[in-house]
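Number of protein chains: 2
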Amino acid sequence: MGQLATLFEPDRIAVVGATDREGSVGRAITANLLADFEGDVVAVNPTKDEVLGLESHDSVTDVPDVDVAVVVVPPSIVLDAIREAGEAGVRDVVVITAGFGESGSEGASRERELRELAAEFDLNLVGPNSLGVMNTDLGMNATFGPESAQPGSISFMSQSGAFVTAVVDWANDRNLGFHNVVSLGNKAVLDESDFVAEWGDDPDTDVILGYLEDVVDGRAFVESAREVSRETPIVVVKSGRTEAGASAAASHTGAIAGSEAAYEAALDQAGVLRVETVQDLFDFGSILAGQPLPESDGVAIVTNAGGPGVMTTDAVGDSDLSLASFTDETVAAFQEALPDEANVYNPVDIIGDAPVERFEDALDVALADPNVGAAVVLACPTATLSFEALAESVVDLQAEYETPVAATLMGGSSTRAANDTLSSAGIPTYFDPARAVRSLDALREYRDISRREYAEPETFDVDREAAREILESAGRRDTNRLGVEAMGLLDAYGIPTPGSDIVDSRSDAVDAAERVGAGDEVVMKIVSPDILHKSDIGGVAVGVPPEEVADTYEDLVTRARNYQPDATILGVQVQEMLDMDAAVETIAGMNRDPQFGPLVLFGLGGIFVEVLEDTTVRVAPVSEPSAREMLDEIEAAPLLRGARGREPVDEAAVVEAIQRLSQLVTDFPAIVELDINPLVATPDGVRAVDVRLTIDQEEL
Amino acid sequence: MGQLATLFEPDRIAVVGATDREGSVGRAITANLLADFEGDVVAVNPTKDEVLGLESHDSVTDVPDVDVAVVVVPPSIVLDAIREAGEAGVRDVVVITAGFGESGSEGASRERELRELAAEFDLNLVGPNSLGVMNTDLGMNATFGPESAQPGSISFMSQSGAFVTAVVDWANDRNLGFHNVVSLGNKAVLDESDFVAEWGDDPDTDVILGYLEDVVDGRAFVESAREVSRETPIVVVKSGRTEAGASAAASHTGAIAGSEAAYEAALDQAGVLRVETVQDLFDFGSILAGQPLPESDGVAIVTNAGGPGVMTTDAVGDSDLSLASFTDETVAAFQEALPDEANVYNPVDIIGDAPVERFEDALDVALADPNVGAAVVLACPTATLSFEALAESVVDLQAEYETPVAATLMGGSSTRAANDTLSSAGIPTYFDPARAVRSLDALREYRDISRREYAEPETFDVDREAAREILESAGRRDTNRLGVEAMGLLDAYGIPTPGSDIVDSRSDAVDAAERVGAGDEVVMKIVSPDILHKSDIGGVAVGVPPEEVADTYEDLVTRARNYQPDATILGVQVQEMLDMDAAVETIAGMNRDPQFGPLVLFGLGGIFVEVLEDTTVRVAPVSEPSAREMLDEIEAAPLLRGARGREPVDEAAVVEAIQRLSQLVTDFPAIVELDINPLVATPDGVRAVDVRLTIDQEEL
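From first to last, the protein sequence lines are chains B and Z.
Take the first sequence: its position 73, counting from 1, is numbered 73 in our numbering, and each next residue is one higher.
Take the second sequence: its position 278, counting from 1, is numbered 278 in our numbering, and each next residue is one higher.
The set of hints was computed from the structure by calculation and includes no laboratory data.
For glycine and all other residues, C-beta sits at the position ideal for the given N, C-alpha and C.
If a hint is listed, it holds; no wrong ones were tucked in.
Counterexamples of contact, computed for chain Z against chain B with all Cβ distances above 10 Å:
#, residue
1, Asp320
2, Glu388
3, Arg515
If we take Cβ atoms under 7 Å as the criterion, some of the chain Z residues that face chain B in the derived model are:
#, residue
4, Asn172
5, Gly240
6, Thr242
7, Gly245
8, Thr277
9, Leu323
10, Pro347
11, Pro381
12, Ala434
13, Asp536
14, Glu635
15, Ala636
Make a model of the complete structure from these sequences and hints.
If you want it as structure tokens, here you go:
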């Protein structure tokens with residue numbers, strides 16, 4: 001265990017604000033602790049002599065060796081109570097009391113003081129506005145919820161206290177147990193990152209589940225979770241995913257969450273298995289706690305009914321698992337063991353008259369096949385089958401082979417005892433075969449996470465000073481939006497740009513065209529920080545032959561002046577014209593998230609960015625494998641790789657450009673937003689043809 | 001009721017093959033019928049005198065007035081038994097016996113005879129290989145399943161008998177009832193279309209549920225379901241959706257299913273609510289049977305817990321419902337009725353200390369709001385709340401307002417009685433709020449289906465004879481693949497093509513270029529039925545100026561000869577060159593599905609067809625609104641409509657081209673496949689630039 005060992009394994013807990021008043025929170029907590037807690041419970045309440053049979057103390061300072069103080073006094077005296085606890089040497093404090101950050105400006109300022117106090121005494125502080133904490137190992141229920149959790153190997157944190165009471169009630173009804181449970185409350189001090197780190201070190205926690213509405217410190221969470229998720233699965237519902245949900249969450253907790261795209265990318269990079277529903281949270285949590293990871297992706301289906309076998313196969317088709325293809329030996333063994341009418345290929349249909357023994361034989365053969373990484377046992381009610389006996393066989397065979405198994409007993413009351421047998425042995429069992437397969441697929445997903453190799457981001461040799469100079473000169477011109485005049489930033493960071501020059505006269509334009517175009521056609525663009533969509537106003541001329549360069553110069557400047565007379569016009573860019581025949585326009589960009597910092601984006605460029613939104617995002621810094629994955633993830637990836645006989649683009653150059661962009665935006669917090677659009681990818685490399693960025697003067 | 005009235009409401013049923021042998025199917029059916037059936041049960045078995053207390057007859061011909069014969073004799077004597085039944089005047093027959101189409105060639109030929117016999121006697125025949133049928137209204141369980149269904153308003157058909165036993169067992173455990181249940185078996189005679197039509201006419205069936213592995217007659221099903229689904233919701237799991245699932249289904253039933261794309265389009269066009277999982281099938285079936293349809297899409301959420309309220313809001317965000325925005329009056333009424341700390345906007349958080357009365361007040365206010373089309377009541381366990389009392393209030397208020405409501409009681413055993421109260425009143429209740437919202441969304445989806453207006457497909461004035469001539473001339477040339485030489489087909493059906501000519505000499509090429517290009521550049525393409533990807537071999541020249549036409553002609557022919565010396569070269573096509581600046585390449589195509597006939601496809605064209613697969617499909621004939629929907633459905637629709645300041649293309653011309661293509665492929669069954677790629681859409685209309693088709697000589 002880590003720094004929170006004492007919080008979860010105290011010898012003595014003081015309830016500050018303990019009372020016997022009926023219906024009060026202070027009574028509920030005291031009673032819950034008295035029920036089963038193996039350690040000492042101490043009541044602190046100066047207005048009482050005795051609380052539920054305990055002597056009541058005036059102050060926590062009157063009691064020696066208190067490990068954890070659970071604070072339930074009114075908000076106005078919470079700070080005093082905590083100071084006393086700190087002075088008494090208590091390091092672990094759970095603040096149940098509400099009326100802090102979640103309730104107006106007075107509460108918010110009280111929460112700031114609370115945080116300062118915690119820093120002063122170096123407190124591990126849960127809450128405020130928390131339901132409390134549980135450790136089933138010690139029978140410790142330091143919450144005011146109506147029920148205690150049953151023991152288990154899942155540790156669960158929730159940003160909603162009500163959800164904790166709901167889950168414990170529901171889980172007790174399903175024999176689903178927990179090791180630790182924490183209601184995070186307002187997360188003034190301890191937050192999700194702390195508990196992830198703690199449980200990552202805890203041998204009694206096999207799976208970490210979380211319900212989160214925001215993440216306090218995005219970077220800390222990603223680092224902590226990435227480390228922990230190698231060994232311990234982390235499954236999270238992050239709510240406020242949708243626009244409506246995000247505004248509901250903001251009004252509920254007062255938290256300003258970062259963008260959904262940032263959470264999506266960050267949780268993935270952190271190795272968190274993100275789910276969208278409560279059902280998936282506990283389905284996935286249960287199977288991860290109960291079953292081993294599959295060594296391969298092939299699923300064997302053993303069924304006594306053809307139709308449900310087809311549905312199960314569809315569910316496998318929907319997942320990232322596959323239908324196992326059996327070895328010849330396996331097929332022969334099935335032929336030996338099963339009646340003629342049986343289907344000895346996958347799904348293995350052992351037919352409606354199958355007794356338990358036939359299920360056993362078939363499952364035994366299937367699990368022995370090296371191509372089988374997981375199995376689904378599916379049974380419909382028949383006259384010849386005992387669900388209870390089947391459940392016992394499945395439990396034994398699963399234990400023997402140590403291959404993950406999920407069950408689908410398709411019935412109602414007749415399956416109840418069998419389902420209990422299976423779930424007690426950690427084998428998930430559902431009526432709907434799709435849920436069984438989804439759960440197995442969660443095992444696969446976590447297996448892949450646990451095998452991930454995290455590469456350090458590469459540090460390229462760049463001209464950081466030149467980049468700084470460009471950003472600062474923009475600052476001096478008192479603008480926060482830059483366009484092609486900032487192409488030098490990309491040059492400084494080694495992101496290739498086309499040969500180009502910015503000129504401010506007809507004759508310079510002709511010279512520049514001669515230089516960058518070498519006699520061929522060129523591209524010319526108006527340069528103005530005030531004109532964003534240059535092509536929409538005719539501010540871009542493509543394929544300008546040498547003899548038309550001078551006139552085109554005049555023409556572009558005139559158009560820009562007509563369009564926006566007060567626009568600052570910095571000149572005209574004369575640019576090398578790329579051979580677009582084998583080229584693909586992509587976009588590489590960045591914006592800055594309040595929780596997670598710079599997000600790097602890559603996608604199909606040009607008009608398709610807006611219409612098809614074929615893009616993917618990572619929290620910076622982006623490593624080489626991660627940049628490569630970004631390329632893999634976009635729908636248009638085959639276009640880059642030479643679909644329909646096209647020549648593939650230089651993938652390595654694209655990947656390197658993404659990494660260099662990542663380095664640039666990580667180095668300069670002043671860059672708030674940046675788009676390279678298009679980043680033209682060709683078989684010979686990439687060229688950043690246009691750039692737009694927004695900078696924050698304050699950060700310069 | 002329709003033509004199957006007697007099948008479901010017989011006065012007298014004969015069990016042909018009735019027996020008292022323990023564990024036999026014949027005994028199970030006889031016993032099931034004897035248990036509760038209100039009519040007469042007659043045993044037929046020449047080897048017995050008495051079966052389970054019934055006199056046993058030698059033949060069904062010995063018994064007068066038999067309405068339904070349930071046949072469970074061995075396969076070899078099934079046909080004799082059915083002939084006797086037919087001769088005795090029985091018109092409704094349920095064949096339980098297996099060993100027909102599902103088992104080898106002997107079985108298949110027996111099934112053909114069965115079908116002939118049914119035609120001879122005009123029998124309504126269920127099966128063979130069926131579990132049987134139920135009608136709970138009459139206590140009639142003519143199946144060999146272990147349990148009888150409870151009464152209800154859902155009628156259920158299943159292509160898997162085992163799935164029927166599973167569902168009945170499971171549903172009985174949840175108080176979910178059925179009106180009729182049919183195990184379809186091999187569907188030799190009666191199939192899904194017949195039962196859809198029957199239940200559409202049945203006032204006791206509120207919802208039709210189906211588990212199907214294939215659809216026997218695609219067109220008949222679409223027509224029947226389209227009619228029925230206006231009044232009665234049809235929810236179907238069509239399995240074999242995935243490649244793996246389809247091959248599992250084929251090996252299970254021997255059925256050759258059409259393509260998944262065809263099912264997807266056909267079920268949608270038929271107004272069927274297609275679901276992928278067993279869970280959705282019964283979640284959606286239950287709410288459709290129990291709740292009214294929402295008049296608007298706004299959902300009110302009333303909750304005693306903030307966090308779960310946010311999850312519910314996310315689920316609304318995932319659906320096609322929306323979070324209701326309350327009127328000022330509603331907000332004022334909430335402010336009046338609720339404590340200060342409550343959130344009076346949606347989701348309405350009435351806070352953790354809410355008693356039932358506060359839930360009642362809040363729900364009353366919410367349901368009275370004209371913007372609220374549906375409501376979710378969400379409750380976590382608290383000391384102040386009685387779930388049972390809450391359930392009763394919710395039932396009353398739902399009945400008063402006749403607005404659909406779904407409940408989320410987030411707990412375990414403490415919610416059991418309340419859940420029973422709710423579900424008995426037809427109000428669905430789940431632990432996971434996402435399921436509650438999904439169910440409400442199914443109501444919305446069905447509401448939209450029930451309001452659909454089906455337009456008749458337009459019939460354009462076309463030159464059918466010219467089209468026939470082109471197809472027949474291809475037949476005479478003994479080829480089944482046609483290319484640009486078939487552009488005349490499109491001309492005949494009024495699908496615009498670019499000005500074009502096919503020439504076979506240098507000089508004709510020059511003349512043609514002068515004619516179609518009017519002095520501008522032209523496009524030139526090799527014409528050969530043997531060369532499919534012309535541009536890959538350099539068989540296409542774009543932007544050929546008049547002076548290069550003659551040389552390009554030679555060049556194209558030489559390339560084609562070099563590439564494939566034995567290719568038939570029909571000449572070179574000289575084509576008007578389109579201004580592609582404001583153009584979007586689309587594809588319009590067709591292939592023929594064994595179950596559903598011609599499928600019309602539309603999508604983004606060019607290289608994107610293969611890479612992005614941005615296409616959509618309809619079963620022909622395609623009406624005008626349907627063609628317009630196709631355009632709406634593709635991801636790239638905004639490109640056609642003028643994204644980023646582009647000029648929008650002529651949408652009406654695209655829509656008309658799709659309809660004309662639909663008419664062409666409907667008129668000529670000989671066209672097996674056809675692709676117009678690209679169909680270039682511009683602000684001024686469309687042009688079919690290239691066409692490829694495959695024809696079936698037999699159908700000419």
